[in-house]
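K.L.:
Heads up: the protein sequence lines correspond to chains A and B, in order.
Residues in the first sequence are numbered consecutively from 6, following our numbering.
Residues in the second sequence are numbered consecutively from 97, following our numbering.
Keep in mind the hints are simulated off the structure, nothing from the lab.
Glycine included, each C-beta is placed from N, C-alpha and C at the ideal position.
Among the hints, a few may not be true.
What follows is a set of in silico ranges between Cβ atoms, one per label pair, in the way DEER data are often shown [as the list claims (entries may be wrong)]: (1) B:E191 <-> A:Y126: 48 to 54 Å; (2) B:E209 <-> A:C569: 55 to 61 Å; (3) B:V229 <-> A:P567: 53 to 59 Å; (4) A:Y105 <-> B:V229: 22 to 28 Å; (5) A:P567 <-> B:N240: 53 to 59 Å; (6) A:I75 <-> B:L189: 18 to 24 Å.
Computed footprint of chain B on chain A; a stretch qualifies when at least three of its residues, placed anywhere within it, have a C-beta under 8 Å from a C-beta of chain B [unchecked claim]: (7) 96-102; (8) 158-168; (9) 203-211.
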Amino acid sequence: MPGPQQKGPRRPLSVRGPRPAARSGGNNKVRLAVGRVLLIGALLIAGVKLVQVQGIQAGELAQQAEAQRITNQNIPAERGSILDRNGNQLAFSIEVRALYILPQRARKSWDEARAKDPEQYPLSYEDHSREVAKFISSTLGPEVNGEKTDEESVFKQLVKDISYEVLVSEAEPAKAAKIVGKYPAEIGSEYRSKRIYPNGELASNIIGAANWRQDEKPPTTQGILGLESAQDNLLAGRMGRRVVDTMSGDDTVVIPNTERELVKPQPGKSLELTIDIDTQYAVQRMVSDYVKKSGAKNGSAVVLDSRTGEIVAMANDKTYDPTDFGKANEDQLRNGAVSSSFEPGSVNKIVTAAAAVEYGLFKPDDVLQVPGSLKVADRVIRDAWTHGTVPMSFTGVFAKSSNVGTLMAAQEVGKERYAEMLQKFGLGKRTQSGVPAEEAGVVPPLNQWSGSTFGNLPIGQGLSMTLLQMTGMYQAIANDGVRVPPRLVRAEIGEEGARSEKQRPEGVRVVSAETAKTVRNMFRSVTQSDPRDANQNGTGKAAALPGFQIAGKTGTAQQIDPTCKCYSQSQYWITFAGILPADNPRYVVGIMLDAPNGTQFSSSAAPLFHDIATFLTQRFQVPMSVEQTPFVQLQL
Amino acid sequence: MTAPARVGGSSPRDPSRKKTEDRDKARRRSAGAERAYARRAQRAQNLRGGAAAPQAKQVSKAPFVVLVMLVLGAGIAGIMYFSTQAAADTYRLQEARSEAEKLTLQMEQLRREVALLESPTDLARRATEMGLVEPSNPARLRQNPDGSVEEFGKPSAPTKSTPPPPPSSEPPPPPAGQTPPAGQTTPPAGEQQGQAQGQNPPAGG
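Build the full structure now, drawing on both the sequences and the hints.
P.N.:
What follows is the structure in structure tokens.
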């Protein structure tokens, strides 16, 4: 800057204005240079740090930051409930808290705090633990679902030399919050869900069981048995996920407004069953009673709505406690009504009756000369009581359950038409009812029939079916010849009660409406009783219900003796299937008793049908039949 | 990065400009005159009392500045107020949420109690405790069109009620499965039929 410097000395002192400018102008160069160096230096340092932070250490630092504040949380999806047909809860979930303790950590921090400030913490850790235990015990009571929470046992756990232990796994959330709020250093709590079965063992073979699985990742409630397992995907819904910022070192303190929901949880759907829980209770009790009375090994009963095929009740004598299924044995876990198949015995004679009437071969009052025995291939078939050749009405053949008479009719029907009829009645195939663990039963295909097969099938031996299939056969006759496959699930209930009815299964026409009506009327005579002439008694007169027309059929089938692989002479399947009322069918009841023995109730399930029917008429206010069953001559 | 030029007015490295300025001044006044002007200006300044000269003009700007300050102040106050409110609302929201959660849990608890009390198992247990029994074999009445009443079936008296089972604090007994209520002994109808059964051959083969 040559100008001002040259001018400077020439200027008088009195001219003050420009002089400071000239002086500062003299430093400008140095200042600028220094400033520049400083600025560039700072910039360089910043640049280097920038590159270091953003480039070299970026990942690591970001991770550290995240670890410090970001916490991933699973948002549990609420598991759907299982309801009966009237909306009564059969199974549902509630939230609970598991309380855990961190004894080592608690002891360490307590001792440290005490060393620093003995006045504030006068108690030793032991004495303090006693206080904590007292509070927990007084809040939770002495026991929570079998886990001891009395003062002494809590105290013992608090002073143990371990790092972590679950104190209570199913504490009420409100009480848990109270405890954790008071002693955050010692006690922690975490979310759990608990499945509640208000009816306990009732219907547990159908509903099944689900429980909390801590070993799942993430932990969740999982269906283990029955419907809970079969429909687990539908019931469970989908877990949601969210990210929150939390205080460093404590993931439970969420910084407000930092919640970022990544995936919304999708609550599970609820299932509405066709079961009526009151009927289920009554039937279950009656079946268990009767199984005891009759000395049977097992017993089951099924009640179907005759018009819709809905399973109103399905009871087995043995059930289990769904909250403690580990203790249940195989027999208790099995739903015998669908997972054990058996030879139905005379109940199967309805197939012959339906086919014979459908093809116009016999009318109810046709008279057959029934001999004492009949030879089919190498087998001689006899009736259950000895007789010579007797004239019986076609109705009488079934009412008195004559094997010989039935086979005579079956031979008129012929093998092909008979086999086809078995198929139409839905035998040998799963019913697709939605009841888990269903069996199909066995019907030998026509091309594998031996000579004696056709002497066995019409009287219900040599083929097997489940109780549900057996009841389904009578449902077809009750429903004017249309068999509606039975079903268990009526509707799915989604969010906010959005209900979607399950589509009704398509009915299968088995016989014409007239045939069905004729067969129903014929089978009413099974419950006929004549005090004057025992020959006119039906085999199931104990099933009769005064005021109602009852159509039904008794059955007795020999079981296979495992020692000789032949038909046993002492072990039977005792069955019964009945339609209530026969003139305007509403319900169909099927009963099976496995090897009842030694009591007056062992020979027939008809009295049990009577009891169940009595209950059903009251429970559903079934109107009485307009006319009583007319008397029919069974044996002439 | 811009060069730190122009800090001290015109660039000293701009000789052409400097020259024109010098030339300008030289043409108008001599150096002495210039100094005289400078002195006069200084005197005038001293007379007016230092640097007060431009004040007269700047007085009119004060209200504007004050206004701007007020507006800014009000703005800041407003922002602070709203952000405080927002924060407070957040806490209130959180409180409300936790309250809602608490109530949901309470509802669940109550729902569970209702379900347990509603269950037929529990109802039956309590009914038995109260000494109620189920009629095993009711008769049915029908009124005919002519007004007469017809009775169907023979009603049988229910079997005696059993003493209520001990302590009700115990969980409900398992459904009939394991321990059928003692009241459910043989229904009379069953007995009759059972006896008659002997005469009847078992069905089927």
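K.L.:
Hint by hint, say whether it matches the structure.
P.N.:
Hints and how they fare:
no., hint, result
1, B:E191 <-> A:Y126: 48 to 54 Å, "31 Å, violated"
2, B:E209 <-> A:C569: 55 to 61 Å, "57 Å, holds"
3, B:V229 <-> A:P567: 53 to 59 Å, "43 Å, violated"
4, A:Y105 <-> B:V229: 22 to 28 Å, "49 Å, violated"
5, A:P567 <-> B:N240: 53 to 59 Å, "57 Å, holds"
6, A:I75 <-> B:L189: 18 to 24 Å, "22 Å, holds"
7, 96-102, "holds (count 3)"
8, 158-168, "violated (count 0)"
9, 203-211, "holds (count 5)"
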